[in-house]
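> Listed here are the chains, written in short residue letters.
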Amino acid sequence: MESTQDRIAVNLRKGILEYGVLALLSRREMYGLELVDELMKRELIAGEGSLYPLLARMRENGLVQPTLQSSPAGRPRRYYAVTSEGSAQLRSFATIWRELVPHVDALLKEPS
Amino acid sequence: MNETTSPAAEQQYIRTLRNGLADLPRDRRDMFIADVQAHIDETTDGGIALESALASLGSPKQLAERAHREISLAVPSVAAGARAARILTAGAVAVGVMTAAVIAFFVPFTQAVDRVETGGSGDGVALVTIAQEHGPWIALLGLVPAALAAGSLWLPRRAGRIVLLALAVLMTAIIAAGLTLGSWFAPFTILLWACVLVPQAVSRGLDLSRARGWRVAIAVAAGAPAFLFLVRTSIAPNDAGLVLAIAAGCALLVAALVGIGARFGYFVLAASGALLMVASGSATGWFSLPLWWAGGLYLTLGIVAVVASRVRSDREAQQ
Numbered sequence: 001m002e003s004t005q006d007r008i009a010v011n012l013r014k015g016i017l018e019y020g021v022l023a024l025l026s027r028r029e030m031y032g033l034e035l036v037d038e039l040m041k042r043e044l045i046a047g048e049g050s051l052y053p054l055l056a057r058m059r060e061n062g063l064v065q066p067t068l069q070s071s072p073a074g075r076p077r078r079y080y081a082v083t084s085e086g087s088a089q090l091r092s093f094a095t096i097w098r099e100l101v102p103h104v105d106a107l108l109k110e111p112s
Numbered sequence: 001m002n003e004t005t006s007p008a009a010e011q012q013y014i015r016t017l018r019n020g021l022a023d024l025p026r027d028r029r030d031m032f033i034a035d036v037q038a039h040i041d042e043t044t045d046g047g048i049a050l051e052s053a054l055a056s057l058g059s060p061k062q063l064a065e066r067a068h069r070e071i072s073l074a075v076p077s078v079a080a081g082a083r084a085a086r087i088l089t090a091g092a093v094a095v096g097v098m099t100a101a102v103i104a105f106f107v108p109f110t111q112a113v114d115r116v117e118t119g120g121s122g123d124g125v126a127l128v129t130i131a132q133e134h135g136p137w138i139a140l141l142g143l144v145p146a147a148l149a150a151g152s153l154w155l156p157r158r159a160g161r162i163v164l165l166a167l168a169v170l171m172t173a174i175i176a177a178g179l180t181l182g183s184w185f186a187p188f189t190i191l192l193w194a195c196v197l198v199p200q201a202v203s204r205g206l207d208l209s210r211a212r213g214w215r216v217a218i219a220v221a222a223g224a225p226a227f228l229f230l231v232r233t234s235i236a237p238n239d240a241g242l243v244l245a246i247a248a249g250c251a252l253l254v255a256a257l258v259g260i261g262a263r264f265g266y267f268v269l270a271a272s273g274a275l276l277m278v279a280s281g282s283a284t285g286w287f288s289l290p291l292w293w294a295g296g297l298y299l300t301l302g303i304v305a306v307v308a309s310r311v312r313s314d315r316e317a318q319q
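Quick mapping for you: the protein sequence lines, in order, are chains G and D. Each residue of the first sequence is one higher than the one before, counting from 1 in our numbering. Each residue of the second sequence is one higher than the one before, counting from 1 in our numbering.
Errors might be hidden in some of the hints.
Under 7 Å between C-beta atoms, here's a sample of chain D residues computed to sit facing chain G [as the list claims (entries may be wrong)]:
1. Ala55
2. Gly58
3. Ser77
4. Leu143
To be clear about the criterion: a stretch of chain G counts as covered by chain D if any three or more of its residues have a C-beta under 8 Å from a C-beta of chain D, and this derived list gives those stretches [as the list claims (entries may be wrong)]:
5. 8–19
6. 55–64
7. 85–97
Because the hints were derived from the structure by calculation, they are not lab data. Beta carbons: idealized from backbone N, C-alpha and C, even for Gly.
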């Protein structure tokens, strides 16, 4: 059964995951497995099952674009790149995040 | 590549996934499957067993559900199609239940051959309903079609659609076979056909607020029985005909509203259909079946118009 902690973490991640993906892709294009590894390293994702549906929605909204590129394995790889719309949304998120975080920190420090 | 799990397992996974995405437009479905396939290929190329690759993706049913949910958020027509399916199926179940009640408790089914003394009404023949003849439990039999339609709501998408289609074909065959009681299921059956045909069209972008041709077709279908009735009444007028003539005139007005795309006209059409069905079901005599059918037609057309037209705020949110 999900603990309260799990539930809180899941809900927080739901809002942030999309921007985590955009931030990673804005550094360089990545293929699916790479994205999964990077997101799992940062504990933003529990499993691969969460990533691909999200990528489908982001692609639908014009935030990411899949491309096929040749890879060392021989089989062409499916890479994801951020679009200009995706970068713009990431910038907006960054602004809002920087405004929010200090407020939340302060709230948590206030004596009860 | 590790051979511990056969490629058949992969095929099965993809097949289950594809079935769960049956409601999506084909291009979205294919793109998502391509993403997942690429992931599986990458993972197994990297030396990981197919088994663990599939396990880490989660069950194909859950994956399909998540994908459907996310894509619905971005593609309003998909969500609209799912909503249309729910509303139309619920309507079919309601009409099915009503039909079962009507044929069991209200439709005169057999005529008692012995003339029964009725208090001066001059009508010496007693008409009995099925329930009076066979007991009220017979109504449960009539509920079977409605129960099957309701059952489709609990099945996964594709299986539910297949059940509805099979039921629609079966009910159509029963009506075509000409059994008296079968014809009472006509409204239920046309609603079933609407369940089968309309949600997919809506998922793929059908929107009556923009598709004038379909709007006009629905308006004509709604207006035609009323128009024909008025023509017949003007040729052979009678007292009962006056009330119905006024009703038919209103029906033509509603049809006009539907034609121009006034959304409240769709609701009025559906409501008047339901009212007609209720009115005809409690009447006795030869005209009740045609009224029941007309009511069923109007109810179906009204519900279809409501679910197949997107409200302006929906469309604006898309931009």
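> None of the hints should be skipped; say for each whether it holds.
So, going through the hints one by one against the coordinates:
1. Below 7 Å, beta-carbon pairs count as interface contacts, and Ala55(D) has none with chain G, the closest being about 9 Å; its hint is therefore violated.
2. Annotation: Gly58(D) was flagged as interfacial toward chain G, and the flag holds, the nearest CB pair being 3 Å apart, inside 7 Å.
3. At a threshold of 7 Å, the smallest CB-CB gap from Ser77(D) to chain G is about 11 Å, leaving the interface hint violated.
4. Proximity of Leu143(D) to chain G is violated relative to the hint, the smallest CB-CB distance being about 38 Å (cut-off 7 Å).
5. With a cut-off of 8 Å between beta carbons, the segment 8–19 of chain G has 0 residues touching chain D; three or more are needed, and the interface restraint is violated.
6. Residues of the segment 55–64 of chain G lying with their CB closer than 8 Å to a CB of chain D number 6, which satisfies the three-residue condition for coverage.
7. Residues of the segment 85–97 of chain G lying with their CB closer than 8 Å to a CB of chain D number 0, which falls below the three-residue condition for coverage.
This entry does not satisfy hints 1, 3, 4, 5 and 7, going by the numbered hints stated previously.
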